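**Q** Work the whole structure out from these sequences, hints included.
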Amino acid sequence: MQSISPQIKVDAVRGYGATVVFCERGEKARQEMADKVAEEEGAIFLSSAQHPDVIAGQGTMAVELLQQVPDLDAIVASVSGGGMVAGICIAAKHIKPSIKIYAGEPINADDCAKSFAAGKRIPLPGPPNTIADGNVASVGYNTWPIIKDYLEDVVTVSEEEIIQATRLMWERVKICIEPSAGTAVAAVLSDKFKAIPKDVKKVGVILSGGNLDIPKIAALF
Amino acid sequence: MYDPDAPLVTLDELKSANEVVKESPHCIHTPMLHHMQEKFGFDESIDLHLKLENMQITGSFKPRGIIYQLKSVPEKAISGEQTLVTMSAGNYGKAFAYLTSLQKLKALVLMPVTAPDNRETLIKGYGADVLRCPSSELQPTVDKLVAEESMHFMHSFDDARLLAGHGSLGFEILEDLGDPDIVVVCCGGGGLLGGTAAAIKLSGKSSTRVYGVEPEGASAMYRSRKNGHPVKEENINTIAAGLAPPYAGPNCFRHNMEFVDDMLLVSDDELVKAMKTLYGAGLVVEPSGSAAFAALQNNKIPDVKGKKVVIVLTGGNVTPQELCKYMN
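Those protein sequence lines, which keep their order, are chains A and B.
Per the numbering used here, the very first residue in the first sequence carries number 1; after that it's consecutive.
Per the numbering used here, the very first residue in the second sequence carries number 1; after that it's consecutive.
By construction, these hints were calculated from the structure, which means they are not laboratory data.
For clarity, every value in this text was computed on a predicted model and none was experimentally measured.
Some hints here could point you the wrong way.
Calculated lysine to aspartate or glutamate pairs in the EDC-like style (CA-CA distance at most 16 angstroms, straight line) [unchecked claim]:
{"id": "1", "chain 1": "A", "residue 1": "K96", "chain 2": "A", "residue 2": "E24"}
{"id": "2", "chain 1": "B", "residue 1": "K201", "chain 2": "B", "residue 2": "E322"}
{"id": "3", "chain 1": "B", "residue 1": "K325", "chain 2": "A", "residue 2": "E24"}
{"id": "4", "chain 1": "A", "residue 1": "K36", "chain 2": "A", "residue 2": "D53"}
{"id": "5", "chain 1": "B", "residue 1": "K71", "chain 2": "B", "residue 2": "E38"}
{"id": "6", "chain 1": "B", "residue 1": "K276", "chain 2": "A", "residue 2": "D213"}
{"id": "7", "chain 1": "A", "residue 1": "K192", "chain 2": "A", "residue 2": "E152"}
{"id": "8", "chain 1": "B", "residue 1": "K308", "chain 2": "B", "residue 2": "E148"}
{"id": "9", "chain 1": "A", "residue 1": "K216", "chain 2": "B", "residue 2": "E322"}
**A** Structure representation (structure tokens):
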């Protein structure tokens, strides 16, 4: 786990019985440490986003959502390594080909937006600086081709927008979400999203997680 | 006019009130989460359903009753000639200020000098006037304003119309889940509890048990039942400010005796534990709103095994800062 991981997530991992090894910030450092530990311990490395089984498992979110609300016009989810967004793309587009999938992303970690605009994968140059600790990875070698083909667009949002969206969910909807989930909400509230086609009326938003250090986030609200 | 001797609400009135509440854009059909027993580690034979009134407009169930209560205010209040006055620094005051501002009615909220500043700011923000006075002066001040300035008093918990409007929760629970065995509701003034119980029992669900839950440190309704008549609150000592009115209202008491199966008590520690548990599941619930869940969590509800239990989370007006404070 990176050194910036919220304590609640570190505690939870340990609580479930896993051993935590810390690494420096950034994907490069994280991968290097993972490879090192895999070699030293004879362990198998499981990617948190690029493994096809992970992508497929994340896709069940879209299957479930479309069972609950079959006439959705769009689904919005926040993007990091892209496992969730890629899985949703494959599942949702298969069930309802006309559905539009949007990715919300912090502007401070906008590799997906840049990649999508350029038509080729452009990973982040280094560890990004964002409150959305679940959005810090770059879209990867397995998730990028899926996103490139199926995603409608990427909507980037500022740190302030992420914080305000997270706060809005707490104060008005009474759901405790973490900032990375706030990214998706912020995307829907953004000016860019307001300009999407008028026939996109029913929008599903994935509230992807609720693991946050409450004193830290309380200080931001 | 507030009538402390109002007759018990009838099924007809409950249904009329329900129509008014359902039609209103200022009250939503809140979600119900089903089969939650495993999530919280309860006995697997209990079929647990959570009614999320913390997600109601203004963050608590209050609009249900107030929407119907406002339907019976005098014409002069509707035209703006007469001011509507109430006493509440809490969720009632907030919803009252919000709903009166939407209808452009003149509104005044009295609150104790001890109420936090942010309550006053919030209520003023909706456009209502605020007047602070010592707790003991609240009722006398209301009486004076009614007598001398022709204001119309809206009781924040013991009004029969308010209770009828709150009954919409009972009908909604039956819509969400046809045949609950047990329904548990937090009890402050007892209006939500009374209205909900009346709606459920008068709908023919005579075998559905309805329980009310109060804090140990504010147990007026519990003690009223034991005494056979409504009693005043003494030595209020609880973090659940929303469940601590100064007395058990006579109308709420009568409905409690007629329609509610029993009253249960929970400690402040049990309230905090419930709030923490619900927060862990991603739900923002204030201490007062957690009482019914606390009762189930601490095995206070009789004969729950194998039963369909509905727990009402009545409010979520707690800030992250306040939550931090309670957790530590």
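**Q** State for each hint whether it applies.
**A** These are the hints, each one checked on the structure:
no.: 1; hint: A:K96 / A:E24; result: violated, 41 angstroms
no.: 2; hint: B:K201 / B:E322; result: violated, 37 angstroms
no.: 3; hint: B:K325 / A:E24; result: violated, 32 angstroms
no.: 4; hint: A:K36 / A:D53; result: violated, 23 angstroms
no.: 5; hint: B:K71 / B:E38; result: violated, 42 angstroms
no.: 6; hint: B:K276 / A:D213; result: holds, 13 angstroms
no.: 7; hint: A:K192 / A:E152; result: holds, 13 angstroms
no.: 8; hint: B:K308 / B:E148; result: violated, 52 angstroms
no.: 9; hint: A:K216 / B:E322; result: holds, 13 angstroms
The structure is inconsistent with the numbered hints 1, 2, 3, 4, 5, 8, although it conforms to all the rest.
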